[in-house]
Amino acid sequence: MSGSENRLRGSFTRLASWDGAVILVAVVALVVAAAAVDGFGTSNNVTFMVLDLLPIALLALPMTLIIVTGEIDLSVASTLGLTSAVMGSLWNSGMAIETIIPLCVLLGAVLGAVNGVFVTVFRLPSLAVTIGTLALFRGLALVVLGESAVADFPVVFTTWVTGTVADTAIPNVLLPLLLLAAVFTVVLHATPVGRAVFAAGAGEQAARFSGVRVDRLKFWLFVASGAVAGLAGVLWTLRYSSARADNGLGLELAVVAAVLLGGVSIFGGRGTMPGVLAGVLLLATLQNALRLEDVTNEALNIVTGALLIVSVLLPNISRSVRTAAQRRRLRRTPIPQPATPPAP
Amino acid sequence: MSTVRTRPAGSAASSSGSSGRNPLAAVLRARELGIVVALAILVAYTTIANPRFLSAQSVRDILLGASILAVLAVGQTIVIVTRNIDLSVGSVLGLTAFAVGTVVQDNPGLPLPFALLLGMAIGGVCGMVNAVLVRYGQVPALVVTLGTLYMFRGVTYLWAGGQQITADELPRSFLSFANETLLGVPWLVLIALLVTVAAGVLLRNYRVGRELYAMGSNPEAAMLAGISVGRNLLGAFTVSGALAGLAGVLFAIRFGTIDAAAGTGDELEVVAAAVVGGVAVFGGSGTVWGAALGALLLTVIGNSLAVLDINQFWQNAIVGALILFAIGVDRLVAARTARALKKRNSHVR
Amino acid sequence: MSRFRTTRVLTALLSAASLAVALTACGGTTKNDSSDDQGGGSQATGTADPEAELQEGVKMAFLPKQLNNPYSDIEVSGGEEALGELKGEYKLVGPNDASASSQVSYINTLIQQQQDVIGIAANDPNAVCPSLNQARSSGIKVVAFDSDAAKDCRDVFINQATTQGIGEKLVEMASKLAGGSGEIAILSATANATNQNAWIDVMKTELAKPENKDLKLVKIAYGNDEDQKSFQEAQGLLQSYPNLKVIVSPTTVGIAAASRYVSSSNYKGKVAITGLGTPNQMREYIKDGTVKEFALWNPADIGYLAAYAGVALVSGQITGKEGEKFEAGKLGEYEIGADGEIVLGPPTVFDANNIDDFDF
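Chains as they are written, first to last, in my numbering: chain Y, 1 to 344; chain F, 345 to 693; chain V, 694 to 1053.
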């Protein structure tokens, strides 16, 4: 096999890899929706779609890193809910909103640290730990605020969250989202931390032996996840100008679905941030466009579930087809010909 | 292969807690004992505060509530010991409850056993869908069942289309089953007990049961030992689905009003019951007895809060804390046992 | 070493946060500063032309609290009927869960689809407000029905009955069933359901009156308008309060679940249930004696009236100001009250004698 062909094959597999495909599908979906769905392309709708995908996109950023290390954080939506509840009750107690917001982000970080301690110090499986804290944090949110809602947040803040930059269709909240997305992308793909994340996910023992402080890494990832969930809780509360204990209920499943759809392996070690962002975008586009076409919520559920399964199933099938074809070829031609074209 | 069957607790990590002389088994039995003690304390405390907690009606209500959760938890345990998970049970419950409700509504003369079997069949098919995707699609169970959680629920919503089956549309004979008893024990509770005993015996005394534990403690080793991993996986998911289906019918009988949202979010409570009952999320250990007791404990907690007039909002938080506590204790015990085993082995040597 | 660094970073974070607190403790925006600048919405503008002709082809979308709720189904069916009479276009959308955030998504969709009127039963009066105002600024009329949105963000509100009337009726029925004295409990929907809370407030005032001094409200339980939850809450109430005489459930889901529990338990005959329910749901329990009487307005009329109000708004017959009048088909003439409220009428009481006359 010649060098140029090797390179060709390399770029081919990169293109055919799942995250590449998701990016492509997301772009196609956007274009088709803009062209074919009435009202999709309007500036109002674009703003709205960004607002809708904001919490999922935010939570997906640290979740990607966590899943790549082979762990999972199912408590994010409950962290969001607890933050929202605390935000409401602090506001009721007369504290200034400028104080409440950083405190809420800090609260998120502390909640994340709780997960981190259980996972890294006590060495408990993150799936079980975060199912526990999912119930715990949501329960505490209910204890803090009960089923009441706090609604009278200052208009300056609520309109900033729902508003747009000057007269454009760009929502204000897109800016912090893009900033965070950029930070997480760089961290994952261009820093030693990112390499450590991949190493830890690919093989924890090996990573440890090669000098990665896996526990410390995971601890801080959970803290980051909590802090971002806290921020998402603040933004959620301001967006709906309603602090409630049930805010974001069940959102964790949508976040995990988006991350997996974006090509991250649930077993860790594999995944890209652009893929995940495309996954989030694809889900949001489909939801928005299908709803505009009066497709019911229930059909949306089916589409989401199917996409999730297909996102893992399809690469598996194509891989096994490829290996099968390769094996057959090997059997047929004992000496591999250099001119063999790459398998489809 | 015979090693797997006769010495299931070969390694510290892979014990199932059924072999009597093994120290780990003793510890795990202590786990079930621990739940029983916790239950006893809770019931005693609540009863002192409000004696009506132990009235016949109240006990019946608790047991009926726990039965449905226990049936789900037993199915979940069978899947979890193989190092998989089934998050779709809540949606399967909703789908079968609505399906069976519709069928019974249209055919009021339908004998009840047939309704139960129908539910199990529908649930079993759902479970098989999961199984096929996990087995042949090589998709992790967490992903598959998360996907089917959405899909089965979506199908139910599409089908129900906002309709609700209400108690007055269901035949009396169907609903009154919830109140019928055998020797004073409600049928629903008997069914749950029967399911638990059958699954318990299967897991403990039969080869296929031992194989499930072996698969969970070490999938590669299980495969190398000649266990037909694929067939067992298919079986485990199908059983979990069928039991979720059965739970769906029990739900319909108990509550009488069924809409497409029935059982939403139950998956977490079910996993919680199993985990609290000592079933390790990474497979290979835990018993259905523990899971069923876990289900009972969670139900009793819920009821106690209402009776003690403690803010019902605390329930979630307590369940969460309990899960963390349970897995923490498991970890501690496992570490200590591993140390003890190491010490004993070195002594022998 | 790593533990040490972790601690250090945590300390740094904490001190940064306390610094933030210290810096902003004086001179931040607190609840007290902003209590008066709420609501970007506008009250009714323009002038009404009572002679204006009702337009045809008005596109009105109904957005109930949630879709799979038999009560909502009946409500919107009235809207469909009215829009049929008015030659308008009827549409029904809604979430499967009664959450405010999912309603917001639907409002946006309806804006994009350029509906003429949105009829909404708000899950959270404030959370839907910004989107509703966005809808109104793009020319869509907003008719709240059943459960009000904040009054700055809708044009009119179709109230099933006056809050006062319902609260009084509930206490009157409870007092009758309890024989004038004893413990009563309330099984409500969610703890922040607008209408239920308003009725409960009236009930409390009523119960404080001397003629009701022997009635004791022991607990308000919340079944979240979920059948199963309500069932369990009813169960809990009876366990906790052995002397309970009456459960009052001002929500159709709650009353049906409580009745079903009581009818299948040995509390039957000892505990009375009343509240607001639909005849079809309650028929069984009236017949088997679990329930003596309960009340409700005809929910289909709410949707019907909402549709007529919506079309009247679009046509310019009314603008939502107090005192304006419009015709609502078979229901006759209505006048808009204070704060844009339109009251449907007094509730009907159902018992064994009249229940078979109703089918909804």
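Any given hint might turn out to be false.
Claimed, not checked - Anything over 12 Å on all C-beta distances counts as not near chain V; from chain Y, calculated:
(1) Ala21
(2) Val25
(3) Val32
(4) Leu51
(5) Ala96
(6) Ile97
(7) Ala149
(8) Val183
(9) Val186
(10) Pro192
(11) Ala206
(12) Arg239
(13) Gly248
(14) Asn316
(15) Ser318
(16) Ser320
Said to hold, decoys possible - Between beta-carbon pairs, the in silico distance windows are:
(17) Val529(F) with Asp1052(V): 50 to 56 Å
(18) Tyr550(F) with Asn936(V): 50 to 56 Å
(19) Glu293(Y) with Trp503(F): 45 to 51 Å
(20) Asp742(V) with Thr42(Y): 29 to 35 Å
(21) Gly1030(V) with Asp38(Y): 36 to 42 Å
(22) Pro457(F) with Asp1050(V): 45 to 51 Å
(23) Arg319(Y) with Leu652(F): 52 to 58 Å
(24) Thr42(Y) with Leu652(F): 27 to 33 Å
(25) Trp503(F) with Gly1022(V): 32 to 38 Å
(26) Asp742(V) with Leu24(Y): 51 to 57 Å
(27) Trp503(F) with Gly1030(V): 41 to 47 Å
(28) Pro515(F) with Glu778(V): 58 to 64 Å
As the list claims (entries may be wrong) - These stretches of chain F come out as covered by chain Y in the derived footprint (C-beta under 8 Å, 3 or more residues):
(29) 406-418
(30) 482-493
What the hints contain is simulated information worked out from the structure, not anything from laboratory work. Just so we're clear, the structure is a prediction, and the values are computed from it rather than from any experiment. Each residue gets a CB set at the ideal place from its N, CA and C atoms; glycine is no exception.
Each hint tested on the structure:
1. Ala21: For Ala21(Y), whose nearest Cβ neighbour in chain V is about 28 Å away, the distance exceeds 12 Å, so it holds.
2. Val25: Val25(Y) is indeed farther than 12 Å from all Cβ atoms of chain V, at 22 Å.
3. Val32: 16 Å, holds
4. Leu51: It is violated; Leu51(Y) is separated from chain V by about 9 Å at its closest Cβ, not greater than 12 Å.
5. Ala96: Per Cβ check, Ala96(Y) is inside 12 Å of chain V; nearest 2 Å; violated.
6. Ile97: 5 Å, violated
7. Ala149: 5 Å, violated
8. Val183: Given that every Cβ of chain V is farther than 12 Å from that of Val183(Y), nearest at about 17 Å, it holds.
9. Val186: 20 Å, holds
10. Pro192: Pro192(Y) clear of chain V: closest Cβ-Cβ about 15 Å, beyond 12 Å.
11. Ala206: 19 Å, holds
12. Arg239: 8 Å, violated
13. Gly248: Violated, since 8 Å does not exceed 12 Å.
14. Asn316: At roughly 32 Å from the nearest Cβ of chain V, Asn316(Y) sits farther out than 12 Å, so the non-interface label holds.
15. Ser318: 35 Å, holds
16. Ser320: 37 Å, holds
17. Val529(F) with Asp1052(V): 50 to 56 Å: 41 Å, violated
18. Tyr550(F) with Asn936(V): 50 to 56 Å: 53 Å, holds
19. Glu293(Y) with Trp503(F): 45 to 51 Å: 21 Å, violated
20. Asp742(V) with Thr42(Y): 29 to 35 Å: 31 Å, holds
21. Gly1030(V) with Asp38(Y): 36 to 42 Å: For Asp38(Y) against Gly1030(V), whose Cβ atoms are near 38 Å apart, the range 36 to 42 Å holds.
22. Pro457(F) with Asp1050(V): 45 to 51 Å: 40 Å, violated
23. Arg319(Y) with Leu652(F): 52 to 58 Å: 56 Å, holds
24. Thr42(Y) with Leu652(F): 27 to 33 Å: 54 Å, violated
25. Trp503(F) with Gly1022(V): 32 to 38 Å: About 34 Å separates the Cβ atoms of Trp503(F) and Gly1022(V), which means 32 to 38 Å holds.
26. Asp742(V) with Leu24(Y): 51 to 57 Å: 55 Å, holds
27. Trp503(F) with Gly1030(V): 41 to 47 Å: For Trp503(F) and Gly1030(V) the Cβ distance comes to about 43 Å; the hint holds.
28. Pro515(F) with Glu778(V): 58 to 64 Å: 39 Å, violated
29. 406-418: The restraint on the region 406-418 of chain F is violated, since only 0 of its residues have a Cβ under 8 Å from chain Y and three are required.
30. 482-493: It holds, with 10 qualifying residues against the three required.
Checked against the numbered hints given earlier, this structure breaks hints 4, 5, 6, 7, 12, 13, 17, 19, 22, 24, 28, 29; the rest are met.
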